[in-house]
Amino acid sequence: MTWVAAALVFWGLAWGLNLRLARGTSRAARLAVPVLFGVTVLVLWEGLVRGLGVNAVILPAPSAIAEIIPAVLPLLWADFVQTFVKGALSGYAIGCGAAVVVAVLIDRSPFLTRGLLPVGNFVAALPIVGVAPILVMWFGFDWQSKAAVVVVLVFFPVLVNTVAGLASSDRMARDLMATYGAGYWPTMWKLRLPAAMPFIFNGLKIATTLALIGAIVAEYFGSPIVGMGFRISTGVGRLAMDLVWAEIAVAALAGSAFYGVVALIERRVTFWHPSQRARV
Amino acid sequence: MTRALPILTVLGIILILWYAATVWMNAAFVRDQAARAGTSVSFAELVPLTMAQPRPVVPAPHQVVAEVWKGVAGQAVTSKRSLIYHGFVTLESTLYGFALGILLGVGLAVAIVYFRVMEMGVMPWAIISQTIPIVALAPMIVVLSNAMGIQAREVPKAIISAYLSFFPVLVGMVKGLRSPDAMQLDLMGTWNASGAQSFWKLRLPASLPYLFASLKIAIAAALVGAIVGELPTGAIEGLGARMLIGSQFGEPLIMWAALVAAAVLAGALILIVGGVERGLRRRMGVPA
Amino acid sequence: MKKLMLGAALAMMAGGAQAADDVTLQLKWVTQAQFAGYYVAQAKGFYEEEGLNVTIKPGGPDIAPSQVMAGGGADVVIDWMPSALAAREAGLALVNIAQPFKSSGLMLTCLKETGITAPTDFADKTLGVWFFGNEYPFLSWMGTLGYKTDGSAGGVTVLKQGFNVDPLLQKQAACVSTMTYNEYWQVIDAGISPDDLITFKYEDQGVATLEDGLYVLEDKLADPAFVAKMVKFVRASMKGWKYAEANPDEAAMIVLENDETGAQTETHQKRMMGEVAKLTAGSNGALDVAAAERTVATLLAGGSDPVISKAPVGAWTSVITDEALK
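Going down the list, the protein sequences come from chains A, B and C.
If you count the first sequence from 1, position 23 lands on 23 in our numbering, and the numbers rise without skipping.
If you count the second sequence from 1, position 140 lands on 140 in our numbering, and the numbers rise without skipping.
If you count the third sequence from 1, position 8 lands on 8 in our numbering, and the numbers rise without skipping.
Chain A extracted, bound-state conformation (with noise of 0.2 Å):
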């Protein structure tokens, strides 16, 4: 029971110190608050779970956790290469590449425009829990499926926001353009594409959470033996709790790491954007 009211009284404590840090505006600050906030949560969680008594096999302690990393490492490295670079990372190229290459092609015809849009909500609509096995079957059992279930996560999210970009440049630019005698394909280099940038990487960053996220269940279905979703779902099976949270930390990181790369990629393309503006 101590472990529990320590717990709770160093939340109340980082609590308080969130609250001051907040009202300041320095970098350091920024970063402090959720960090201190993150660590909150993993000092509560080892107070619970010691002070409640819960057992290994349902909840292990993050100190557990920390325990076990240096020991699989390279597992977790072997893991984490056959999932996010080899299955993930492929299938976003792949997918989102496509994406914006059908984007621009349709664009010529807003008759498959018109067509093609509701049936890709349709499509990305489908859960891909049921997707995942059947692309298992056909593309076998290696990083190519779980490369293939990514892109048929990541392609209609894309294609969507690529659409909306690039009819978001205004009627007075694309007349600009007519009036320097530009044709169809500069038109589209020089204005369509560069304003449809922000909705681009707004469906980028979107696919950045489903690809890893696909990568990972489609694995669930067929794998080889190395790989985060195998590792995780085998891990259940073996009651090797603290291996499972060790990968989902993992999964957690690169997935984050991901997102904020394309999110700073994005500030650099973007820069002109209303949105990439200090907030008051």
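Incorrect hints may have been included.
In silico DMTMM-like links for lysine to aspartate or glutamate, alpha-carbon gap of 25 Å or less [what the hints assert, rightly or not]: (1) Lys80(B) - Glu89(C); (2) Lys205(A) - Asp186(B); (3) Lys171(C) - Glu154(B); (4) Lys80(B) - Asp249(C); (5) Lys44(C) - Asp322(C); (6) Lys171(C) - Glu45(B); (7) Lys326(C) - Glu89(C); (8) Lys112(C) - Asp32(B); (9) Lys44(C) - Glu89(C); (10) Lys70(B) - Asp189(C); (11) Lys175(B) - Asp142(A); (12) Lys112(C) - Asp204(C); (13) Lys220(C) - Asp322(C); (14) Lys86(A) - Asp124(C); (15) Lys86(A) - Asp150(C); (16) Lys242(C) - Asp22(C); (17) Lys112(C) - Asp196(C); (18) Lys201(B) - Asp186(B); (19) Lys112(C) - Asp142(A); (20) Lys70(B) - Asp195(C); (21) Lys148(C) - Asp142(A); (22) Lys326(C) - Glu203(C); (23) Lys70(B) - Glu293(C); (24) Lys242(C) - Glu266(C); (25) Lys310(C) - Glu293(C); (26) Lys70(B) - Glu323(C); (27) Lys270(C) - Glu203(C); (28) Lys216(B) - Glu154(B); (29) Lys171(C) - Asp170(A); (30) Lys80(B) - Asp204(C); (31) Lys175(B) - Asp170(A); (32) Lys310(C) - Glu67(A); (33) Lys44(C) - Glu323(C); (34) Lys125(C) - Asp142(A); (35) Lys148(C) - Glu203(C); (36) Lys125(C) - Glu154(B); (37) Lys80(B) - Asp322(C); (38) Lys80(B) - Glu250(C).
No wet-lab data here; the hints were simulated from the structure.
With chain A fixed as given, assemble chains B and C onto it according to the hints.
Same frame as chain A, but now just chains B and C:
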């Protein structure tokens, strides 16, 4: 007609591609079977054989339609073989999860907009929470609810569903609550509006378009969550359970029919949310 | 759900003034004839006769029965002995209280066209196994044969099978793990004739391990009320199993009644029941200690990566079956 024609054209193209894929991908098995029987099979014989397999790699569209029809019209609605019955089970969990997700999303959004500490501390973690694969957390949620004495399957399913749907609601609501510009907020000030009045009469109505855009995404996410949640709770009922059993016991047509039913359900839910949005906008006087 | 509640209400009314004892059983997989004995005992009233109100929870992917039990979601679970022994070594004290399944139904089914004729031909081939508790006998066998399972040259490449036999049908694996009562028949149903297959039964290879058994948590056995409850449960369950063996078709229909997904078929379940009856035949529920020790020996001999590192102590008890079979 102008709206339907493009969609029908695209659907027609997809149908043709689907039939082609059926023939192409099922052909290998037909040829293998013929080789095992010691015969060979011509192309003309191949095509109908590829479209009538009980365990196809790619079922032909008419096979899927027949199976869906059997599940919808060929059974009593309360029968456990009825797709409508399983659809309702999944729908129930989806709606519970959706309601919970809206509560959580809107609640957190209000807190984030009004309290700086919440914005700085919680928002990054909300984003990170979506990178944690829910399929990994789902068994843990089920075991923890059991450990806390909750035996009903609906509770963990609703929690998993809410986990996936709260984030779009949160993001949309935060954007929406922040959408009134400085002039409009100042105007409320000149009318001596209290904080609560400013919230209910300005911020909340202004956030509705953003909220509804997110609700469409959120309800699809809630459906996916409900289906994912059916697996660790025993795969007993629901469209996800049917997909699993169909896949596991070598009945791919059952799996495809359940998949189509899930997609139709998702589409219908999104249309309903869109309809509610249009009705609300008309009442609020927003130009269509 | 409605049927269960109605059944439970009726059972409670039938129990009259006597409050029925609640027992929750967590199955290892989804509702199928593999667990027919328990469904038959419930449907035929054997549990009611003993004054028990039994809730049968189906399993599925992502459900580790021992984890559910550790979380208080079940009183007794069905598990395979290798997985239970591994859990015991990992710190969760599972104890076997009954063993309805006498023989092992695990097999490795290969396509003849891959050229495999004997276990010595497995080198450099791709073999499938489901994991989630069922990989232990497989890994033991590979260890005994001397094959590395990491995909290196001269070893075997292991595939985590999904929930069906498509890897074999699509030729993504040379061999897949099958059960005599389920996956093997799926392969036959898919149109492959037995002449095109070569099957290795774990029983014939001398590496069989004990399969479906009833397990409880060790600390619960210290409670005499719990032990008494389990005695009644095992007695009624074994009665259910023997009835199922004698009346396989009726048992299959009972299982079908309990399948809430409506995706199971009569043919599947009748055939499954027929095959399962062969595995439960000859067992009265009591664990054959010699067989248990053979299982332990097989697991310890698993080469460089044994499933368990030392012989378990107190992993099984005859306290319940001695009482139940008096």
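Status of the hints after comparison with the structure:
1. Lys80(B) - Glu89(C): 41 Å, violated
2. Lys205(A) - Asp186(B): 34 Å, violated
3. Lys171(C) - Glu154(B): The given pair, whose Cα atoms are some 40 Å apart, is violated under the 25 Å limit.
4. Lys80(B) - Asp249(C): 21 Å, holds
5. Lys44(C) - Asp322(C): 24 Å, holds
6. Lys171(C) - Glu45(B): This hinted pair holds, its Cα atoms lying about 23 Å apart.
7. Lys326(C) - Glu89(C): 32 Å, violated
8. Lys112(C) - Asp32(B): Status holds; Cα separation ~13 Å.
9. Lys44(C) - Glu89(C): 38 Å, violated
10. Lys70(B) - Asp189(C): 22 Å, holds
11. Lys175(B) - Asp142(A): 40 Å, violated
12. Lys112(C) - Asp204(C): OK: lysine 112(C) and aspartate 204(C) at ~19 Å, within 25 Å.
13. Lys220(C) - Asp322(C): Status holds; Cα separation ~18 Å.
14. Lys86(A) - Asp124(C): Distance of about 23 Å is within 25 Å: holds.
15. Lys86(A) - Asp150(C): 18 Å, holds
16. Lys242(C) - Asp22(C): 23 Å, holds
17. Lys112(C) - Asp196(C): 5 Å, holds
18. Lys201(B) - Asp186(B): 13 Å, holds
19. Lys112(C) - Asp142(A): 24 Å, holds
20. Lys70(B) - Asp195(C): Measuring from Cα to Cα gives roughly 35 Å; hence the hint is violated.
21. Lys148(C) - Asp142(A): 19 Å, holds
22. Lys326(C) - Glu203(C): 30 Å, violated
23. Lys70(B) - Glu293(C): 51 Å, violated
24. Lys242(C) - Glu266(C): Holds. Lysine 242(C) to glutamate 266(C) sits at ~20 Å (cutoff 25 Å).
25. Lys310(C) - Glu293(C): 12 Å, holds
26. Lys70(B) - Glu323(C): 51 Å, violated
27. Lys270(C) - Glu203(C): The hint holds at about 23 Å.
28. Lys216(B) - Glu154(B): 22 Å, holds
29. Lys171(C) - Asp170(A): 55 Å, violated
30. Lys80(B) - Asp204(C): Violated: lysine 80(B) and aspartate 204(C) sit about 40 Å apart, past 25 Å.
31. Lys175(B) - Asp170(A): Holds: lysine 175(B) and aspartate 170(A) sit about 23 Å apart, inside 25 Å.
32. Lys310(C) - Glu67(A): 24 Å, holds
33. Lys44(C) - Glu323(C): Judged against 25 Å, a Cα distance of about 22 Å means the pair holds.
34. Lys125(C) - Asp142(A): Within the cut-off at roughly 15 Å; holds.
35. Lys148(C) - Glu203(C): Status holds; Cα separation ~22 Å.
36. Lys125(C) - Glu154(B): It is violated: about 44 Å lies between the C-alpha atoms, which goes past 25 Å.
37. Lys80(B) - Asp322(C): At roughly 41 Å apart (the allowed maximum being 25 Å), aspartate 322(C) and lysine 80(B) break the hint.
38. Lys80(B) - Glu250(C): 20 Å, holds
Going down the numbered hints, you'll see the structure goes against 1, 2, 3, 7, 9, 11, 20, 22, 23, 26, 29, 30, 36 and 37, while the others check out.
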